[in-house]
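J.: Listed below are the residues making up each chain.
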Amino acid sequence: MKFWYTLFPLTVFSHAAFAYSQQDIQHLSESDYWHTLGHYQQGMTGSYQSLVDSEAFFISEQGKNDPFAELTATVAGFEQEAETLNGQPADDSLSCRYPARFHWLNDKLQANWPQPVCPQQTVWKQALNPKGLTLVFPTAFMNSPSSMFGHTLLRVDAKDQTRHRELVAFAINFAATPEADDNAFLYAAKGMFGQYPGTFTVMPYYRKVREYNDLESRDIWEYAIDLKEDEVQQVLRHLWEMNGVEFDYYFIDENCSYQLLALLEAGREGLDLTSGFDLQAIPSETVKVLKEQGLIKTPEYRASFGTRLMHYAAQLDDQQLKAARDAMAGQYPETGTLAERAATLEMAYEWMNFEFYDQALPREEYAPKLQQLLLARSQLKTSSPFSEPVRPSKSPEEGHGSSRFGLGYRYSNHDEDQALLDYRIAYHDLLDNAGGYIPGAQISFFDLQLGIDQSGDVDLNQFYFIDAMSLAPDYRVFDSLSWNIRAGYDRLPGRTELNGRYFVQGGYGKSWGDANRLHAYSLVSTELNYFDAQGENLNLGMGLESGVVWQASDVHKLALSGQGYINGIKCAGGLKPKPAGIGR
Amino acid sequence: MKKVIAAAVFAGMMPFSQAMADEDIGCGLGSMVFAGQEGKVFKVLGATTNGTSGNQTFGITFGTLGCDGDSEISSKEKLAMFIDGNMDNLARDMARGEGETLATLTDVWGMSDEAKAEFNTLARDNYASIFASENVTSSNVLANLNTMVAEQNKLAAYSL
Numbered sequence: 001m002k003f004w005y006t007l008f009p010l011t012v013f014s015h016a017a018f019a020y021s022q023q024d025i026q027h028l029s030e031s032d033y034w035h036t037l038g039h040y041q042q043g044m045t046g047s048y049q050s051l052v053d054s055e056a057f058f059i060s061e062q063g064k065n066d067p068f069a070e071l072t073a074t075v076a077g078f079e080q081e082a083e084t085l086n087g088q089p090a091d092d093s094l095s096c097r098y099p100a101r102f103h104w105l106n107d108k109l110q111a112n113w114p115q116p117v118c119p120q121q122t123v124w125k126q127a128l129n130p131k132g133l134t135l136v137f138p139t140a141f142m143n144s145p146s147s148m149f150g151h152t153l154l155r156v157d158a159k160d161q162t163r164h165r166e167l168v169a170f171a172i173n174f175a176a177t178p179e180a181d182d183n184a185f186l187y188a189a190k191g192m193f194g195q196y197p198g199t200f201t202v203m204p205y206y207r208k209v210r211e212y213n214d215l216e217s218r219d220i221w222e223y224a225i226d227l228k229e230d231e232v233q234q235v236l237r238h239l240w241e242m243n244g245v246e247f248d249y250y251f252i253d254e255n256c257s258y259q260l261l262a263l264l265e266a267g268r269e270g271l272d273l274t275s276g277f278d279l280q281a282i283p284s285e286t287v288k289v290l291k292e293q294g295l296i297k298t299p300e301y302r303a304s305f306g307t308r309l310m311h312y313a314a315q316l317d318d319q320q321l322k323a324a325r326d327a328m329a330g331q332y333p334e335t336g337t338l339a340e341r342a343a344t345l346e347m348a349y350e351w352m353n354f355e356f357y358d359q360a361l362p363r364e365e366y367a368p369k370l371q372q373l374l375l376a377r378s379q380l381k382t383s384s385p386f387s388e389p390v391r392p393s394k395s396p397e398e399g400h401g402s403s404r405f406g407l408g409y410r411y412s413n414h415d416e417d418q419a420l421l422d423y424r425i426a427y428h429d430l431l432d433n434a435g436g437y438i439p440g441a442q443i444s445f446f447d448l449q450l451g452i453d454q455s456g457d458v459d460l461n462q463f464y465f466i467d468a469m470s471l472a473p474d475y476r477v478f479d480s481l482s483w484n485i486r487a488g489y490d491r492l493p494g495r496t497e498l499n500g501r502y503f504v505q506g507g508y509g510k511s512w513g514d515a516n517r518l519h520a521y522s523l524v525s526t527e528l529n530y531f532d533a534q535g536e537n538l539n540l541g542m543g544l545e546s547g548v549v550w551q552a553s554d555v556h557k558l559a560l561s562g563q564g565y566i567n568g569i570k571c572a573g574g575l576k577p578k579p580a581g582i583g584r
Numbered sequence: 001m002k003k004v005i006a007a008a009v010f011a012g013m014m015p016f017s018q019a020m021a022d023e024d025i026g027c028g029l030g031s032m033v034f035a036g037q038e039g040k041v042f043k044v045l046g047a048t049t050n051g052t053s054g055n056q057t058f059g060i061t062f063g064t065l066g067c068d069g070d071s072e073i074s075s076k077e078k079l080a081m082f083i084d085g086n087m088d089n090l091a092r093d094m095a096r097g098e099g100e101t102l103a104t105l106t107d108v109w110g111m112s113d114e115a116k117a118e119f120n121t122l123a124r125d126n127y128a129s130i131f132a133s134e135n136v137t138s139s140n141v142l143a144n145l146n147t148m149v150a151e152q153n154k155l156a157a158y159s160l
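Protein chains in written order, with the working numbering: chain A, 1 to 584; chain B, 1 to 160.
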């Protein structure tokens, strides 16, 4: 390696006119910014590896593992083109393919290379017309586990952009490309282990708004990023370098949010956004990092289809809702004021359209009905009687942190008292502060509880690998089901002692009330248990899991839950107070 | 990405599905959507979109408004693609005479504030002829809107 490095300058940098030295090249190849542009990460032993998995991305054959070789090859390429191209247009030249590298190196090395002429890129830039960037955060959709953490993408805000032109701005998305015929299990497993290639794509923002807001009913938050125009330009230059470049996509860490942060880092030298996300990158946490670095301010809000529908319904009384139901069945209102009839027809259209999407109803039957409702509405010459949803008081980055540490004490008649230590990696449960999160939804990973008794013995009381719950309350307009899934290890009270067991449990049922105040749920539940210290090791339980959650004040919640199973030995219940939490 | 698959499944079920059959269109929709249509609007659209469909893979990723990276896109094409990607939100907004999708449409069309207000009311009043059935295509909608604009004195200057 050393040998090669000393020989190289003789062959490549022999030109006397260059103002930079071999040391400059060496120095730059060790800089954080070069590592950002090459997506290099340093391993335990100090060696480097790029997260990019396309060989074509690297100019040097050693480029994936050798930032110095890649930089040397890049500079050599630019040198050569500076002499040969002479201002000729050449889309496939290195300087056109690597505009961010070119811009940065030309500046750092004061090389005075002539600007390359890249027709494709020029047209692309003109279409994007970039002035600013906005981080877009579609929150989780409560009944879809794969969306539970949310997603992030970027929007390129154009120079002539107004609020109304946002829809036709461009969106930058990073996503995995799964095999279309993989089933849900393969999808999850391959995603976990990086088996899908992830790539950046650029498309009109309205397509993403329709996908998240309308089709999946996810609220969208939009955070304008405080980057200067030339920093935005550099981000886009680097994005151009990422065209067609593949990364292995990992759901947990090397995911959409991580890669977007890495892309943003290219905008400003010295910006460090990714270093805190070695193990996991939850979208809401990545938003927090941008906030901590002072890069974002108060976000804009786009209510989802479902949120809008609930908001419309809240403006109607039960009788008006019934009228809307009748209109869905073809009985249009004949009496009432213009505004009342418009409200009925608009509500009926939104409601039916929501059910049409949500339940994938047959088009042949429903499209004509929807069309008739709009036709009837258009004949009423009045403006819409509905107000639009307002922005919730707390945005996602203002919510609690994703890890939790808790302390507790358990008093027992039959067993020794225990001091309890709780720790959870991620991310939100029913007893956490709901601000910034979806009400009635829980998803937690690696939920651990240790118990320590007076003699200093430590017991593993609980280790839940996953504990997810979706309690979509029965609002007046929705009729969705609630469910939960839980898997891991815990210890259950038996007749004389606690019995440790490994288990998988799932339930399906209903919930009632308002998740922001008082709500209750009841799930029919099945569980498979494996007891580690009993004669009859494996058993199957069927039963009921019910509970009530009460938001007593802004910061206090109380929950009462009970589980009863037949065939299983389990019969537990009680009050579960929220442990004193220290959020991350 | 699973959501994109889901989106594609849903797209086929939307009320105005002919035009929504593929949310990723933009590129290559020319011959498909505008086939058999007469008039200036369709010639412009057909020519451009047909001409670029060969480069669709690149177009869907890094292209300009869904089309390939080395041809510029005119405001008319942008308008047609916006209509194409937002058919049912547009239908809803036009039936009410207001809404973000409608506001974006008139903005992309390049109308003045006064013209926008006129257009919104006109679109609501003429809803029945703009969205003649649930099977109307986006190209029909654009043509119908253009006819409406051309026939109205205050808006005639904006006809395509």
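Simulated from the structure, these hints should not be mistaken for laboratory data. Any given hint might turn out to be false.
Straight-line distance between alpha carbons at most 25 Å, and here's what the computed DMTMM-like set of lysine to aspartate or glutamate pairs gives [as the list claims (entries may be wrong)]: (1) K291(A) <-> D125(B); (2) K116(B) <-> D160(A); (3) K381(A) <-> E118(B); (4) K76(B) <-> E222(A); (5) K297(A) <-> E100(B); (6) K159(A) <-> D125(B); (7) K288(A) <-> E100(B); (8) K125(A) <-> D107(B); (9) K291(A) <-> E222(A).
Okay, the calculated bits of chain A under chain B, using three or more residues with CB under 8 Å as the criterion [said to hold, decoys possible]: (10) 78-87; (11) 203-210; (12) 367-377; (13) 380-389.
The beta-carbon is built from N, C-alpha and C at its ideal position, and this holds for glycine as well.
J.: All hints are to be evaluated individually against the structure, with a verdict given for each.
T.: Okay, the hints, checked on the actual structure:
As the CA atoms of K291(A) and D125(B) are separated by approximately 47 Å, the hinted pair breaks the 25 Å bound. Of the supplied pair hints, the one linking K116(B) and D160(A) holds, its CA atoms being roughly 18 Å apart against a limit of 25 Å. In summary, the hint linking K381(A) to E118(B) is supported, as the alpha carbons are separated by about 13 Å, within the 25 Å threshold. Pair hint K76(B) plus E222(A) does not hold up; C-alpha atoms about 28 Å apart against a cutoff of 25 Å.
For the hint pairing K297(A) with E100(B), the CA-to-CA distance comes to about 23 Å; that is within 25 Å, so the pair holds. Only pairs whose Cα atoms come within 25 Å are accepted, and K159(A) paired with D125(B) is rejected, the gap being roughly 34 Å. Taking the CA atoms of K288(A) and E100(B), the gap is near 29 Å; set against the 25 Å cutoff, the hint is violated. The suggested pairing of K125(A) with D107(B) holds, with an alpha-carbon distance near 21 Å, which does not exceed 25 Å.
With a C-alpha separation of about 13 Å, the suggested pair K291(A) and E222(A) falls inside the 25 Å cut-off, and the hint holds. With a cut-off of 8 Å between beta carbons, the segment 78-87 of chain A has 0 residues touching chain B; three or more are needed, and the interface restraint is violated. With 5 residues having a Cβ less than 8 Å from any Cβ of chain B, the segment 203-210 of chain A passes the three-residue criterion, so the hint holds. Here's how the segment 367-377 of chain A fares: 7 of its residues keep a CB closer than 8 Å to some CB of chain B, so the rule of at least three is met and the hint holds.
Under a criterion of three residues with beta carbons nearer than 8 Å to beta carbons of chain B, the stated coverage of the segment 380-389 of chain A is upheld, 3 such residues being counted.
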